[in-house]
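Enquirer: Each chain, letter by letter, is given below.
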Amino acid sequence: MARESKSEEAVTPPPAAGMGDAALLKELVAHLRENRTELREEWARRISDADLLTAMTPDEIFSEATAVYDNYVDALETGSVEALQAYARDLSERIIPRGVETHEVLGIVLLLRDVLARSLFEKYRADPDLLNRILDAYEPAANRIAVTVGVSFVQERERVIRQQQEAIRELSTPVLQVRERLLILPIIGVLDAQRARQLTEQLLQAIRANRAKVVVIDITGVPDIDSAVANHMVQLVKASRLMGASVIITGLSSEIARTLVTLGVDLSSMRTVGDLQGGIEEAERQLGYALPAFDDDLDDELA
Amino acid sequence: MPVPILKQGDFLIATVQSALSDREVLQLQDDLAERVGTFRSQGVILDVTALDIMDSFVSRAFRAMALMAKLKGAETVIVGIQPEVAFALVQLGLTLEGVNTALDLEEGLAFLRGLAKRRRDGR
Amino acid sequence: MGDEVRVPIASDLDIVVARAEGRKMALQTGFSHTDATLVATAISEVARNILTHAREGLVSITASIGDDFAEIQVVATDEGPGIRDLDLAMRDGYSTSGGLGLGLPGIRRLMDEFQVSSEEGKGTEVSMTKWRRL
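Protein sequences, first through last, are from chains Y, R and B. Note that our numbering has the first sequence beginning at 18, numbered continuously upward. Note that our numbering has the second sequence beginning at 5, numbered continuously upward. Note that our numbering has the third sequence beginning at 477, numbered continuously upward.
To be clear, the hints were calculated from the coordinates, so they are not data collected in a lab. Fair warning: this is a prediction, and the values are worked out from it, not measured in the lab. Each residue gets a CB set at the ideal place from its N, CA and C atoms; glycine is no exception. Warning: the hint list may mix true and false statements.
[Stated by the list, open to error] Restricting the straight-line Cα-Cα distance to at most 20 Å, the calculated cross-link-like pairs of lysine to any residue (SDA-like) are: (1) Lys11(R) with Phe115(R); (2) Lys140(Y) with Gly37(Y); (3) Lys500(B) with Gln21(R); (4) Lys76(R) with Ser25(R); (5) Lys500(B) with Ala23(R); (6) Lys121(R) with Gln303(Y); (7) Lys43(Y) with Arg161(Y); (8) Lys500(B) with Ser25(R); (9) Lys74(R) with Asp56(R); (10) Lys74(R) with Gln21(R); (11) Lys500(B) with Leu109(R); (12) Lys500(B) with Phe115(R); (13) Lys11(R) with Val29(R); (14) Lys76(R) with Asp108(R); (15) Lys74(R) with Arg39(R); (16) Lys500(B) with Lys11(R); (17) Lys598(B) with Pro557(B); (18) Lys76(R) with Ala23(R); (19) Lys121(R) with Arg161(Y); (20) Lys500(B) with Gln549(B); (21) Lys11(R) with Leu109(R); (22) Lys500(B) with Leu71(R); (23) Lys43(Y) with Arg150(Y); (24) Lys598(B) with Thr553(B); (25) Lys121(R) with Ser25(R); (26) Lys121(R) with Lys140(Y); (27) Lys74(R) with Lys121(R); (28) Lys11(R) with Asp56(R); (29) Lys500(B) with Gly13(R).
[As the list claims (entries may be wrong)] Residues of chain R placed beyond 10 Å of chain B at every Cβ, according to the derived structure: (30) Pro6; (31) Thr19; (32) Ala23; (33) Asp26; (34) Arg27; (35) Glu38; (36) Gln46; (37) Ile57; (38) Ser60; (39) Lys74; (40) Lys76.
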């Protein structure tokens, strides 16, 4: 796409009447490029007046502002948002860790839009018809840009939040080794499909790493135990069994168990015990850690 | 490459390699059937530690092997199913119900010895 | 923007090749070991279905990485007898034994997206994908 060469004159000649939108766009892009320095400064001023981007230093704001300005004008010119999207994603990746928020990003883009709009207004206000046509060319393009930058930022933010949630999920389900060959897995919080899967993977790895023979899973802390959750547990139990580990579920009240069975959940593969303590005792029994029965012979010896 | 089968006392230990084609599975079935009979083995260990994929064919074949061995007086234990494999099997709905499983060779042997002891003690 | 591997299926040895390729590609595309195993297992199942019901066919595996997503797509095609009752074949019986039939519900559980198209007497195509966000 051929770029309009910068005019040598201080003032560009007014466009002929009846010029199409494309030509008008070219014209206003040229104006925005010519007056880049002062418009950018105006914009930076408005940003600090509005108390935006307080997390960034003036130097940082300046360099990002330059890049945003140039990308903005390029996008106006080409009508293509792809390059802008890529830049916006990149920018978001940089500023999100700095604590920049959505309203700030939208704010500065809209301020830029306003600064440029006013500059156009200033330039063409002598001719209201022309001004209208210039704005007709500018506004849809400027709005598309604002939306693109806003959406890119929000998407990047959502991606970061997802990653953080993922990390929290992993941290919040520790598999504890309490005795040799015995693992305890206390589950706290909602157990959705994704979490159940993650838990299962973690547990199976732990069974191998710790050579566990018995696993006690406590679901006292799981708020809603419905048939979906129960089925996740059944799968967990079956997978553990394939690795030679037996599973004891604790914290499943007999009431809920009855409900689940009537819902058609097959609990036959699960060994359930009321509470965690009881579950651990059962596990120790299974592992042969139970206290030996009182020995009569020994008593005789001591007498 | 046929799956190597070692005799360890009353037990047979078949150690599966990483890539198991259908024909190798069928070969293993035949080999085991023959040897359980020949040695009057009390137990069979199928070690699948090296198997990175178990599908429905292998799963069914292993169940068939366990059943065959049982008919000939031997108990079977499958050992060494890897976490990812266990996960995939359960997703597929192949839970090897009715087949003994243990974590590894050591556990498998302990299991079989325990069974043999109970048999001897008349339990 | 994707790598494609095509494995013709005509014998049980081809099943081994196809699933090994699938596993390798999944790992190369950055999927976890568990996901790679799921993909490989799914490939093994559809390849076996080809062998059992159509005697020969093709498994094609494509890995691609975009801006937001990475994915592995597996397409298994054959010109076999086709599936007479697709609805029935897709019904979740969750069978653990026997394993008569195609086991499609089970295979679907292994993957994220799953589609079957089949015409009696013409052939079958199973297309399935595993993806993750980047």
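Enquirer: So, for every hint listed, does it hold in this structure?
Expert: Verification of the supplied hints:
1. Lys11(R) with Phe115(R): 17 Å, holds
2. Lys140(Y) with Gly37(Y): 19 Å, holds
3. Lys500(B) with Gln21(R): Since the Cα atoms of Lys500(B) and Gln21(R) sit roughly 18 Å apart, the hinted pair holds (cutoff 20 Å).
4. Lys76(R) with Ser25(R): 26 Å, violated
5. Lys500(B) with Ala23(R): Given pair Lys500(B), Ala23(R) holds - Cα atoms ~13 Å apart, limit 20 Å.
6. Lys121(R) with Gln303(Y): 18 Å, holds
7. Lys43(Y) with Arg161(Y): This hinted pair holds, its Cα atoms lying about 17 Å apart.
8. Lys500(B) with Ser25(R): The hint holds at about 17 Å.
9. Lys74(R) with Asp56(R): 27 Å, violated
10. Lys74(R) with Gln21(R): 24 Å, violated
11. Lys500(B) with Leu109(R): 28 Å, violated
12. Lys500(B) with Phe115(R): 35 Å, violated
13. Lys11(R) with Val29(R): 19 Å, holds
14. Lys76(R) with Asp108(R): 24 Å, violated
15. Lys74(R) with Arg39(R): Judged against 20 Å, a Cα distance of about 13 Å means the pair holds.
16. Lys500(B) with Lys11(R): 35 Å, violated
17. Lys598(B) with Pro557(B): Satisfied, since the Cα-Cα distance of roughly 6 Å is no more than 20 Å.
18. Lys76(R) with Ala23(R): 28 Å, violated
19. Lys121(R) with Arg161(Y): 79 Å, violated
20. Lys500(B) with Gln549(B): Distance ~13 Å between Lys500(B) and Gln549(B) Cα, so the pair holds.
21. Lys11(R) with Leu109(R): Distance of about 14 Å is within 20 Å: holds.
22. Lys500(B) with Leu71(R): 34 Å, violated
23. Lys43(Y) with Arg150(Y): Status holds; Cα separation ~13 Å.
24. Lys598(B) with Thr553(B): Holds, because 11 Å separates the two Cα atoms, which is no more than 20 Å.
25. Lys121(R) with Ser25(R): Status violated; Cα separation ~36 Å.
26. Lys121(R) with Lys140(Y): 100 Å, violated
27. Lys74(R) with Lys121(R): 17 Å, holds
28. Lys11(R) with Asp56(R): Not OK: Lys11(R) and Asp56(R) at ~25 Å, beyond 20 Å, violated.
29. Lys500(B) with Gly13(R): 40 Å, violated
30. Pro6: At about 15 Å from chain B, Pro6(R) clears the 10 Å cut-off, so the statement holds.
31. Thr19: 18 Å, holds
32. Ala23: 5 Å, violated
33. Asp26: Non-interface label fails for Asp26(R): nearest chain B Cβ at 4 Å, not farther than 10 Å.
34. Arg27: 6 Å, violated
35. Glu38: At roughly 22 Å from the nearest Cβ of chain B, Glu38(R) sits farther out than 10 Å, so the non-interface label holds.
36. Gln46: 26 Å, holds
37. Ile57: Per Cβ check, Ile57(R) is inside 10 Å of chain B; nearest 5 Å; violated.
38. Ser60: It is violated; Ser60(R) is separated from chain B by about 5 Å at its closest Cβ, not greater than 10 Å.
39. Lys74: 16 Å, holds
40. Lys76: 21 Å, holds
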